[in-house]
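These are the residues of each chain, in order.
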Amino acid sequence: MNKIINIPDFTQTVTVDQVGVEERCARFATRSIKKEAKVQGLKMVLNMIDLTTLEGKDTEGKVKQMCYKATHLHDVLPGLPTTAAVCVYPSMVKTAKEALKGSHVKVASVATAFPSGQSSTEIKVADTRYAVDNGADEIDMVISRGEFLKGNYNFVFDEIALIKETCGKARLKVIFETGELSTLDNVRKASEIAMYAGADFIKTSTGKISPAATMPVTLVMLEAIRDFYYKTGIMVGMKPAGGISNAKTALHYLVMLKETLGASWLNNHWYRFGASSLANDVLMQIMKETTGVYQGVDYFSKD
Amino acid sequence: MARVKVLKTYKIYIGGAFPRTESGRYYPLYNNNKDLIANICLSSRKDFRNAVVAARAAFGGWSSRAAFNRSQIMYRMGEMLETRKQQFIEELLMQGANAKSAEQEFNNAVDRLIYYAGWCDKYQQIFGTINPVASSHFNFSVPEPTGVVSIMADENSSLIGLIDAIAPVIAGGNTCVVLASESKPLCAVTFAEVINSSDVPGGVINILTGKKDELHSYFSNHMDVNAVVYYGNNTTMIKSIQENATNNVKRVFIYNQKRENPEEFQNPFYILDTQEIKTTWHPIENIGVGGAKY
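Protein chains in written order, with my numbering: chain A, 1 to 303; chain B, 1 to 294.
This is chain A alone, in the form it adopts within the complex (with noise of 0.2 Å):
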């Protein structure tokens, strides 16, 4: 398929009217979800996360832990799904991928200097390489930022491109860190960049940085995701990540996902949570409809 796509000027994106935008995310967290739907909607959601860890302290025992816990969010409740993928740093793929060998979840890994991003174009490559040969089976890199609010738009998008034939045949996931961006609009052309550049998904932070994921960030790029649909026919993942830690949030978001997208983009392939404390709560809340008790967080394994 090798359709010719026009790459637009990126200095000219669209603006975002912010208070529409507010507004809008407003009358998503109104919608109410009750019983059978929202336990629907509930396993949807464990479906679609990516259970992460991601940090210096991370070992093997840790990772094969947090694997155990992707096929086996809690087997006191039969018929639960697994989550969609589990997030590790590059030096960990190979124990996670020896870890969910027989299951269906993914393994993703990030890379190219994360979370920063402040490295050479060399070492961001080798790094990706080094995760895509260890079996990773999606990449979630990082922009670089700094370039990105300097105006260098053609170094962000031949960064990206380069990160994406590096991929191969893994899925790749490129992070804004919106939270460094500071407006909506500058979220818009950064998404524009992404998706043009060859990305498979959007996502918003590494979740090391405060504000992570909002809703506005996040209906901001599903928009830019419909409109580049809307021009090419390509379809793009989203992957809101970070201080999404409660099932209610979560349900907020697939409404939003629902009414942006539509329903082609309501499965663990085009929409994912990076998370990982969000697993526990919406745990919770299933056992909650399903015994009617309010739940403890002792009855749940932690990782």
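Since the hints were made in silico from the structure, they are not lab data.
It is possible that part of the hints are untrue.
[What the hints assert, rightly or not] Below, in silico cross-link-like pairs of lysine to aspartate or glutamate (EDC-like), each with a Cα-Cα straight-line distance of 20 Å or less: (1) K248/A to E22/B; (2) K46/B to E36/A; (3) K302/A to D224/B; (4) K38/A to E259/A; (5) K248/A to E103/B.
[As the list claims (entries may be wrong)] Non-contacting residues of chain A with respect to chain B, defined by C-beta distances greater than 10 Å in every case (computed): (6) A161; (7) N186; (8) Q295.
Glycine included, every Cβ here is placed at the ideal spot set by N, Cα and C.
Once you've looked at the hints, dock chain B against the given chain A.
Positioned in the frame of chain A, the structure of chain B alone reads:
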């Protein structure tokens, strides 16, 4: 021109803030002459859920705080309560007390806080033990707070019943969610204002108003609650509380003593009720027949 009356909105107290109930419901409260005194929040199970989240979040900080500091804070509560004497007595009168009993009840309430403030840094010494064991271990047991305690306060008392319910629980380092008397809730809400201005961290004490009938099952079956305390003698409710509490083996305490003796609830054993005993085996040098070698 007649001045328009400014009436106080009686709200609930969760995590150090005064929200209205999330359900938007209320019930009217009348005095003995059938005059409307106030509209009171009719809390829902979701308010309780939110309060437990707040209490759980506050537990780590409150339980690990120096006992002496907990004591200071409880003493401060007593001081702050004392400065509002007039207001509390007025509310007690509105809810059917006579002048003498109202003042008596208020004074007892302040004294009770001071009493339990004193116990904060002493009960562990009194109830902790050093245990003689046959092996070469230094073996000791100390009481430690159990966690989040849900409390259904005495229906027949507006102020002292509330203080009796809260003071021993928090003196022992627990955090709590309290359901105030349904028919006499005014002092509970005003007491929340006292708590709010006495350096008590948000979430340590959470106060709801509403119906025991509706809420007792949630107070007793929530998996994140470690102990449930009930004041009263409704046998069907007691049975249901006891049954519900089995799901995560909560501690259950039913107090149905009459309040004739004002010092009925002034006793450090009430602190011990919501404590867990931790025993530590500390290895030491063998101190057998040869005698101690240190």
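A quick look at each hint next to the structure:
1. Between K248/A and E22/B the alpha-carbon distance is near 15 Å, which keeps this suggested pair within the 20 Å criterion.
2. For a cut-off of 20 Å, the pair hint linking K46/B to E36/A stands: about 19 Å separates their Cα positions.
3. Taking the CA atoms of K302/A and D224/B, the gap is near 15 Å; set against the 20 Å cutoff, the hint holds.
4. With a C-alpha separation of about 17 Å, the suggested pairing of K38/A with E259/A holds against the 20 Å cut-off.
5. Our distance criterion of 20 Å between C-alpha atoms is broken by K248/A and E103/B, whose separation comes to about 48 Å.
6. With 10 Å as the threshold on Cβ separation, the claim that A161/A sits away from chain B holds: the shortest Cβ distance comes to roughly 46 Å.
7. Against the 10 Å criterion, N186/A stays outside the reach of chain B, whose nearest CB is about 35 Å from its own CB.
8. Residue-level check failed: Q295/A sits 5 Å from the nearest beta carbon of chain B, not beyond 10 Å.
Hint compliance for this structure: hints 5 and 8 are not met, and every other hint is.
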